[in-house]
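Protein sequences, first through last, are from chains P and V. The first sequence maps to residues 5 to 288 in the numbering used here. The second sequence maps to residues 8 to 322 in the numbering used here.
Quick caveat, the hints were computed from the structure, so don't treat them as lab data. Since the model is a prediction, treat every value here as computed from it, not as a measurement. Just to be clear, a hint being listed does not mean it is correct.
Unchecked claim - In silico DSS-like links for lysine-lysine, alpha-carbon gap of 30 Å or less: (1) LYS44/V - LYS109/P; (2) LYS44/V - LYS142/P; (3) LYS257/V - LYS52/V; (4) LYS142/P - LYS201/V; (5) LYS257/V - LYS44/V; (6) LYS70/V - LYS52/V; (7) LYS63/V - LYS142/P; (8) LYS70/V - LYS201/V; (9) LYS257/V - LYS63/V; (10) LYS44/V - LYS240/P.
Said to hold, decoys possible - Estimated spans, in silico, between C-beta atoms of each pair: (11) LYS257/V - ALA280/P: 39 to 47 Å; (12) ALA280/P - LEU86/V: 30 to 38 Å; (13) LYS11/P - ALA155/V: 27 to 35 Å; (14) SER55/P - LEU86/V: 33 to 41 Å; (15) VAL116/P - ILE114/V: 37 to 45 Å; (16) GLU71/P - ARG313/V: 33 to 41 Å; (17) LEU239/P - LYS63/V: 49 to 57 Å; (18) LEU302/V - ALA280/P: 33 to 41 Å; (19) LEU17/P - TRP141/V: 27 to 35 Å.
Even glycine gets a Cβ: it sits at the ideal position worked out from N, Cα and C.
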Amino acid sequence: MTNAAAKTKELALRARYRRDRFMQALVGLGTVLALLVLFLVMAYALLKGVSALNLDFFTHDMRPPGEAGGGLRQAIVGTLIVDGLALLLALPFGLAAGILMAEYKEHPLAPVVRLLGDTMNGMPAILFGLLAFILVVKPMGGFSALSGSVALGFLMVPIIARATEGVLLLVPREIREAGLALGLPRWRVILSLVLPTARAGLVTGVMLAFARAAGEAAPLLFTAFGNPFLSFDLLKPMDTLPLRLFQFAISPYDDWHRLAWGAGLVLFALIVLSSALARLAIRR
Amino acid sequence: MKRLYTHFGDRLFALVLVLLASGVILAAFLMAYELYKGGSLALSKEGFWGFLVGVKWDPVIEKSFGAWPYVLGTLIVSLSALFLSFFPALAAAIFAAEYAPRWLAQIINYLLDLTAAVPSVVYGLWGIFVMAPWIRDHLMLPTYLWAAEQAPWLLPFLGNPSGYGLLTAILILAAMVVPFTAALARDAIQLVPKEQREAAYALGATRWEVLRLAVLPLARAGILAGAFLALARAMGETMAVTMVIGNSHKLPYTLFGGAATMPSVIANEFTEAVEDLHLSALIAVGFYLFVVSFLVNLLAGYVLRRQEALARGVR
């Protein structure tokens with residue numbers, strides 16, 4: 005090989021190395037960019053939210069504009085009620101769909117449930133609000149906590165189903181085979197062996213569905229509607245945190261803006277906490 | 008199949024299971040049917056096609072309903088957000104799957120999950136009070152002033168630099184849909200067999216060349232599926248967009264000015280719609296949104312299954 009040829013080869017190699025390093029830097033930069041807004045939102049929620057949180061935030065209802073102080077008790081309680089009821093409504097359907105997809109793969113309906121479940125999983129949340137409005141609000145003649153729960157329930161079913169399927173598929177085959185070998189019918193194997201084995205994962209999936217729904221405002225705009233006072237009546241409008249946050253954020257009052265940041269921090273903490281717990285439960 | 012039906016308890020259990028699980032199927036059909044029925048009043052007045060391409064939305068005086076400003080707004084906002092988020096999302100996926108040590112990859116995966124889980128209203132809150140003012144002061148006003156002096160013909164396309172408008176919505180949405188592309192792209196990259204990489208390394212390829220020649224082409228379908236899912240999310244995203252987009256009934260022809268999307272117009276007007284026709288028109292917008300979301304999600308699922316089949320085949 006002549007000197008010149010060797011030189012060209014080395015230059016080409018160096019260019020390839022340079023390109024490699026350049027792409028690595030670009031990948032790093034893109035990663036930072038991808039997570040930048042999350043960091044900023046986290047920082048601001050913490051910064052602005054902490055100053056809004058005090059005992060009053062959790063123990064008092066909101067006050068009219070102009071009156072300082074007050075809290076969001078009615079929204080916190082409302083979120084728990086609307087979300088809790090939604091979970092009760094969604095749980096049997098979601099669990100059944102998950103079990104069908106994981107344990108009865110050969111059933112002709114299983115692939116249909118999976119296909120439509122996945123598709124509904126990606127549906128815009130506001131459409132569940134429209135559906136609950138048509139199915140519940142219109143026939144009952146008014147906004148209600150119940151209609152909000154129906155909207156969130158529809159939203160939760162595919163999430164619970166997906167999580168259940170995923171967890172059940174992790175249960176070792178041998179556990180089912182052992183049960184069947186002992187002469188247990190299939191339903192007993194599922195109920196007494198498979199589900200208890202998967203319990204931690206199931207709880208996790210349900211918790212994530214709960215957290216996801218707890219942050220939704222769009223489906224509640226015209227179902228649970230919101231209510232400035234603490235209410236326990238399922239057939240009347242009820243307040244929830246995300247909805248109240250939205251209304252306070254677009255209001256012109258500083259005091260309400262402060263409470264909105266407080267609500268943002270509480271929602272953020274709820275999400276972080278539940279996903280951290282979920283990780284812990286799966287690791288075990 | 009046989010084992011399912013041998014025992015009475017099994018038969019009962021399977022029956023209950025199937026009945027409950029059919030709720031998922033029912034929900035999808037119910038949504039399609041009810042939204043179509045709810046919107047039929049407006050659709051029959053304007054015509055299926057006329058409602059889609061009509062540009063006048065006037066619920067008060069003329070009572071005419073054309074959804075095109077919102078359809079176009081949705082398309083512009085979601086496609087732009089997808090475009091802006093795609094490369095950072097792909098970079099995050101590559102970093103988590105290929106470059107980062109295990110502990111860092113786990114942190115990044117957790118943060119990506121978190122990005123997807125943070126409620127839309129929290130993004131909107133941040134958008135209203137932090138992002139929009141910043142964009143107004145550092146992006147919109149300088150550009151506007153520059154255009155006023157150097158290129159006045161540009162001004163009508165820029166619009167009112169209030170901070171709330173198309174551009175702000177696109178940017179915040181881009182940040183919000185990153186995790187959907189990133190998660191599926193990461194999974195697809197991780198599914199590519201080790202042997203592919205080893206073969207390329209053995210030929211003397213650099214790390215980037217391995218990625219470009221041996222990994223990314225095989226992960227293409229998964230990456231594409233992620234992009235479809237991100238698109239579906241972007242089209243349906245409601246609260247954050249409603250809070251920063253400025254909500255205008257006009258066709259979205261200015262970059263800084265207000266616009267509206269299909270979900271944002273539903274969110275904004277639904278509780279104010281007192282007349283049946285107005286209500287029906289909003290539900291009809293919801294029906295269009297349903298159809299488009301359904302198709303995009305279906306497509307994402309199809310592409311994803313192809314990726315999975317591919318990964319099994321190579322293995």
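Results for each hint:
no.	hint	result
1	LYS44/V - LYS109/P	violated, 34 Å
2	LYS44/V - LYS142/P	holds, 14 Å
3	LYS257/V - LYS52/V	holds, 21 Å
4	LYS142/P - LYS201/V	violated, 57 Å
5	LYS257/V - LYS44/V	holds, 27 Å
6	LYS70/V - LYS52/V	holds, 10 Å
7	LYS63/V - LYS142/P	holds, 28 Å
8	LYS70/V - LYS201/V	violated, 62 Å
9	LYS257/V - LYS63/V	holds, 8 Å
10	LYS44/V - LYS240/P	holds, 26 Å
11	LYS257/V - ALA280/P: 39 to 47 Å	holds, 45 Å
12	ALA280/P - LEU86/V: 30 to 38 Å	holds, 35 Å
13	LYS11/P - ALA155/V: 27 to 35 Å	violated, 55 Å
14	SER55/P - LEU86/V: 33 to 41 Å	holds, 39 Å
15	VAL116/P - ILE114/V: 37 to 45 Å	holds, 38 Å
16	GLU71/P - ARG313/V: 33 to 41 Å	violated, 60 Å
17	LEU239/P - LYS63/V: 49 to 57 Å	violated, 39 Å
18	LEU302/V - ALA280/P: 33 to 41 Å	holds, 36 Å
19	LEU17/P - TRP141/V: 27 to 35 Å	violated, 45 Å
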